[in-house]
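Novice: Using the sequences and the hints given, assemble the complete structure.
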Amino acid sequence: GAGVSQSPSNKVTEKGKDVELRCDPISGHTALYWYRQSLGQGLEFLIYFQGNSAPDKSGLPSDRFSAERTGGSVSTLTIQRTQQEDSAVYLCASSLDAGGFYEQYFGPGTRLTVT
Amino acid sequence: QKEVEQNSGPLSVPEGAIASLNCTYSDRGSQSFFWYRQYSGKSPELIMSIYSNGDKEDGRFTAQLNKASQYVSLLIRDSQPSDSATYLCAVPNQAGTALIFGKGTTLSVSS
Chain C
6 GAGVSQSPSN KVTEKGKDVE LRCDPISGHT ALYWYRQSLG QGLEFLIYFQ
56 GNSAPDKSGL PSDRFSAERT GGSVSTLTIQ RTQQEDSAVY LCASSLDAGG
106 FYEQYFGPGT RLTVT
Chain F
21 QKEVEQNSGP LSVPEGAIAS LNCTYSDRGS QSFFWYRQYS GKSPELIMSI
71 YSNGDKEDGR FTAQLNKASQ YVSLLIRDSQ PSDSATYLCA VPNQAGTALI
121 FGKGTTLSVS S
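Chain order of the listed sequences is C and F.
Count the first sequence with the numbering used here and you get residues 6 to 120, in order.
Count the second sequence with the numbering used here and you get residues 21 to 131, in order.
Mixed in with the good hints there might be a few duds.
Facing chain C, according to a computed beta carbon distance under 7 Å, are these residues of chain F, among others [stated by the list, open to error]:
1. G49
2. S52
3. S60
4. P64
5. L66
6. F81
7. P112
8. G116
9. T117
10. K123
11. T126
Please keep in mind that the hints were generated in silico from the structure rather than gathered at the bench.
In this text, a Cβ means the ideal position worked out from N, Cα and C, and glycines have one as well.
Specialist: Structure follows, in C-alpha cells:
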C-alpha cells in the first residue's frame, strides 16, 4: 500500500519567510511524528500526534515552529520567520498506534533550505 | 534523558562477509528497539524491531538483544555493496511519543 507522503520534496525560501510542510501518513495509522535531520546530525524529534490527544510538542525548538493535524490524518508543520539554522531535512513518520512499541515508517522528507 | 550510542564508523567489510553493528542504550527500562537503514540523501527505512532478549532473524539480517548488558546489535550476513549505508539504532523515549536515535554507523561493503 501507499507509504507516508510528504510535500514539497524540496523547498528553498528566504530568511524571514514562513513555510508550510505537509505530511500524509499511512492510511489507518493513528500516530504521526515530525523529526528533522540537519546536515551531518542525528534525527531530532519535533512533535507527535495521536488521535484526539493533546500533541507532545516538547521537541519544538522555538515558538516559530508549530504543527497541526486535521481530521486525524494530514499534518502540516509551519515554520514562521525562517532562519538559516532551520535548514534541514524535515521527516514525517507514522505508526499504527502509539506507546513506543509500534514501528514507525518514514516519509521521503522535505529538504528545506533557507537562504 | 535516554541516550543511544553507536560507533560512527566507517565500518568496512568485503562483499560476502558478516557485518556487525552495535548499539548501547542508557535506560535499563527500555523495552523496544529498532534498526533503520539510511542511504545517503534518503529517509530512514525500517529494517527490524526487537523486543525480547535473544536473536531475531529476517533474511540476511539478525538483530540481537541483551537487556542485561544494555546492548542491541545487527548482523548482516553475506554483505552486499547495496548494504552500504548508515545504520541507525533507536529506542522510544520515556513517554513513548518519539524515537531516540543514535548517530548511526556508516557501513561500506567493498566488491
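Novice: Run every hint past the structure and note whether it holds.
Specialist: Taking the hints in turn, this is what the structure says about them:
1. G49: violated (11 Å)
2. S52: holds (5 Å)
3. S60: Violated - the Cβ of S60(F) stays beyond 7 Å from chain C, reaching only about 12 Å at its closest.
4. P64: holds (5 Å)
5. L66: holds (6 Å)
6. F81: Not OK, violated: F81(F) not within 7 Å of chain C, min 15 Å.
7. P112: OK, holds: P112(F) within 7 Å of chain C, min 3 Å.
8. G116: Holds, about 3 Å.
9. T117: holds (4 Å)
10. K123: holds (5 Å)
11. T126: violated (11 Å)
Figure legend: structure checked against the earlier numbered hints; hints not met, in rising order: 1, 3, 6 and 11.
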